[in-house]
Amino acid sequence: MTLWLHILVLGLLASLAGALWRVWHGPAQSDRMMAAQLVGTGGVAVLSVLAALQDWDLLVVALALAVLAALAAVGFVKAQTPDSAGDPEETPPPTGGDRRSRAVRATAHGD
Amino acid sequence: MSLALDLALCGLILCVALGAVVGRGVFRSVIFFITYGLLLAIGWARLGAKDVALAEAAIGAGLTGVLLLTAHGRLRRMSVERAPRVGPNPMAATTGIAVALALGWAWFALPAPTAPDLAAALPLTGMGNPVTGVLLHFRAWDTLLESIVLLAALLGVWMLARDVDWHAPLGLRYHARPGGVLASFGRLLPPIGLSFGSYLVWAGADGTGGAFQGGTVLAAVVLVAMMAGVLPPPRVAQGGLRAALVVGPGVFLLSGLLAVALGMGFLTLPPAVAKPATLIIEVALTVSIAVTLAVLVIGPPDDKEPVR
Numbered sequence: 001m002t003l004w005l006h007i008l009v010l011g012l013l014a015s016l017a018g019a020l021w022r023v024w025h026g027p028a029q030s031d032r033m034m035a036a037q038l039v040g041t042g043g044v045a046v047l048s049v050l051a052a053l054q055d056w057d058l059l060v061v062a063l064a065l066a067v068l069a070a071l072a073a074v075g076f077v078k079a080q081t082p083d084s085a086g087d088p089e090e091t092p093p094p095t096g097g098d099r100r101s102r103a104v105r106a107t108a109h110g111d
Numbered sequence: 001m002s003l004a005l006d007l008a009l010c011g012l013i014l015c016v017a018l019g020a021v022v023g024r025g026v027f028r029s030v031i032f033f034i035t036y037g038l039l040l041a042i043g044w045a046r047l048g049a050k051d052v053a054l055a056e057a058a059i060g061a062g063l064t065g066v067l068l069l070t071a072h073g074r075l076r077r078m079s080v081e082r083a084p085r086v087g088p089n090p091m092a093a094t095t096g097i098a099v100a101l102a103l104g105w106a107w108f109a110l111p112a113p114t115a116p117d118l119a120a121a122l123p124l125t126g127m128g129n130p131v132t133g134v135l136l137h138f139r140a141w142d143t144l145l146e147s148i149v150l151l152a153a154l155l156g157v158w159m160l161a162r163d164v165d166w167h168a169p170l171g172l173r174y175h176a177r178p179g180g181v182l183a184s185f186g187r188l189l190p191p192i193g194l195s196f197g198s199y200l201v202w203a204g205a206d207g208t209g210g211a212f213q214g215g216t217v218l219a220a221v222v223l224v225a226m227m228a229g230v231l232p233p234p235r236v237a238q239g240g241l242r243a244a245l246v247v248g249p250g251v252f253l254l255s256g257l258l259a260v261a262l263g264m265g266f267l268t269l270p271p272a273v274a275k276p277a278t279l280i281i282e283v284a285l286t287v288s289i290a291v292t293l294a295v296l297v298i299g300p301p302d303d304k305e306p307v308r
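Chains as they are written, first to last, in the numbering used here: chain X, 1 to 111; chain A, 1 to 308.
Only chain A is shown next, with the shape it has when bound in the complex:
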């Protein structure tokens, strides 16, 4: 019976993926992509990868949907009414199939990695959640660089702004009818999302959750508040915004350098202070991730209608 369930889920995921790439309307592809994220989250949950399922649900169903729908609305506003007819792309299809086959081959052909026993090493990190322990201790380099990559992506988006717009608030000038459905939603969701996002960060130390998942939920909250016109969007030059953007990578980097100064390796957290230190880094990372993601989706400063 559970085999039938897995087959049904796989079939649905494949159908949705096909729907996203085969259809010709841009809007339909966007909607299929949103549902694709939802189904992937269920797939990861089915595999028992709770933290991945959580990240996929938050990113795939939450932020990507808004990002793509906003982009579609912007295209329409620039009177690109219909997307240019795109024929089948044999090059992309071949590359995609080749990558999938190579990955499948690697999965079956390569020997299973013999990692040192994680359960034995986990107490050193002070964390109960193996994913958080690995991310912030055994693979701290990757996590640090990933947090910097987010910042680099934001700089890339900001580079798209025109010089005249540079001091304008970020994104569009959102407005909504006072007391209307949208404005009310913008006041209703933030308290729920704030508690849920903070819970995810706190629970990530010992259970399902984590800085990235919590940060994504918080980013969604900020985004809804901005789109409902409840929260004014920040400006690029605002000191508070810049501080929030760099506090995560900054605290992480400083803790690594502090370990070097104390004669340990870079990014080494001694077991005695591992838990409090990890929590401080996680909270700082959450602030940066939340603000960076929200500002990424809001877009570069834009004062006027785009030039046609």
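Chain X on its own, in the form it takes in the complex:
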């Protein structure tokens, strides 16, 4: 049983490594951000299996990651809007102007 749990964790870590490859290569900022979210989800999975392997208290850590990992996505979405304080769903953009060109530029060449 422990052997299988170890193999499971190794498989999950391998999937995290795949997500990290995507963080490195991008190409768009949203690709990197979604890969980071995948690492967050994979982290919750790894911690849950580690909880079964070592100590069930680790489920609390997994829960903390699950609650907070989405926070970075909120920060990212906010930063994508023209005034860094809006919401991409808002129409028309409250400050007007170069919203579209910004969005295109951001997805075209995520640095």
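Just so you know, these hints were derived from the structure itself, not from any lab. It is possible that part of the hints are untrue.
[To be verified] Here are some, though not all, of the chain A residues that point toward chain X, as calculated from beta-carbon distances under 8 Å:
#1 Ala8
#2 Leu9
#3 Phe27
#4 Phe32
#5 Ala61
#6 Gly65
#7 Val164
#8 Ala168
#9 Leu172
#10 Leu188
#11 Ile192
#12 Gly193
#13 Ser195
In this text, all values refer to a predicted model and were calculated from it rather than measured experimentally. Quick reminder that beta carbons are idealized off the backbone N, C-alpha and C, glycines included.
With chain X fixed as given, assemble chain A onto it according to the hints.
Showing chain A alone in chain X's frame:
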């Protein structure tokens, strides 16, 4: 098999750390730093340091990510489109490697500290969680000063505000489409986060958790509510905000002075009242930590677009 697991984890952590410092794009480094926090939390969990793993998960994956991404968005808004090309920095690299080597040497060369048996002393604190017992009893000085350091950091951030902005609400004027995904998320997460954060503080007395971890989760909740435009950001001069900022260090300091007045040492909690007193201090500290961290990430009062 568990060796293979540890090696894989160490390899991933090293790769992510390299990715954060070697890459040239600022955004990529930020994302690598966020994943670095996540993997470190797993590493601490693997070592059995549950409370550290919890703190790392809450701070590293939660608050730091928002802070850095917001900073990156702000740089872009100030039309700093690309970060200046930074070449390799031999000075920083040498210093970093030297510190790592010195720490490694100290770990192997110095004799293991012979601490008095913690298990024997722990009942004096009334706590079941040795970390909380040490933090609030045997190392109360450190904890008190750390809570004051947070306050000092906030004052440092507020000093960056311009005089004309001083009476403006803190941070940016966040808004979101009513009923949209972001606004809904800002209403969905707070109830879950509030119960989870409060649970962490309460459970910290006897199990995994603690004031700092719980406070960080609560700070994240406040932050999401503010960014979704559900909760209006406070102003510097608001009495409630200031009271929340100082209640933790204040209660801690007063309890220490009370012990002096009763003829015991500073910050000594007598075993008879240790548990209730510790809980009161923990709750007060949690309020201060949560509000301070949230307000730190939101930033100084800022009324207009930054000057270009």
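Here's how the hints hold up against the structure:
1. Ala8: holds (5 Å)
2. Leu9: This hint holds: A:Leu9 lies near chain X, its Cβ roughly 7 Å from the closest one there, short of 8 Å.
3. Phe27: holds (5 Å)
4. Phe32: A:Phe32 check passes; min Cβ-Cβ to chain X is 6 Å, inside 8 Å.
5. Ala61: holds (6 Å)
6. Gly65: Holds: closest Cβ of chain X sits about 3 Å from A:Gly65, inside 8 Å.
7. Val164: violated (19 Å)
8. Ala168: Because about 13 Å separates A:Ala168 from the closest Cβ in chain X, which is outside the 8 Å limit, the hint is violated.
9. Leu172: holds (4 Å)
10. Leu188: Not OK, violated: A:Leu188 not within 8 Å of chain X, min 10 Å.
11. Ile192: holds (6 Å)
12. Gly193: holds (6 Å)
13. Ser195: violated (10 Å)
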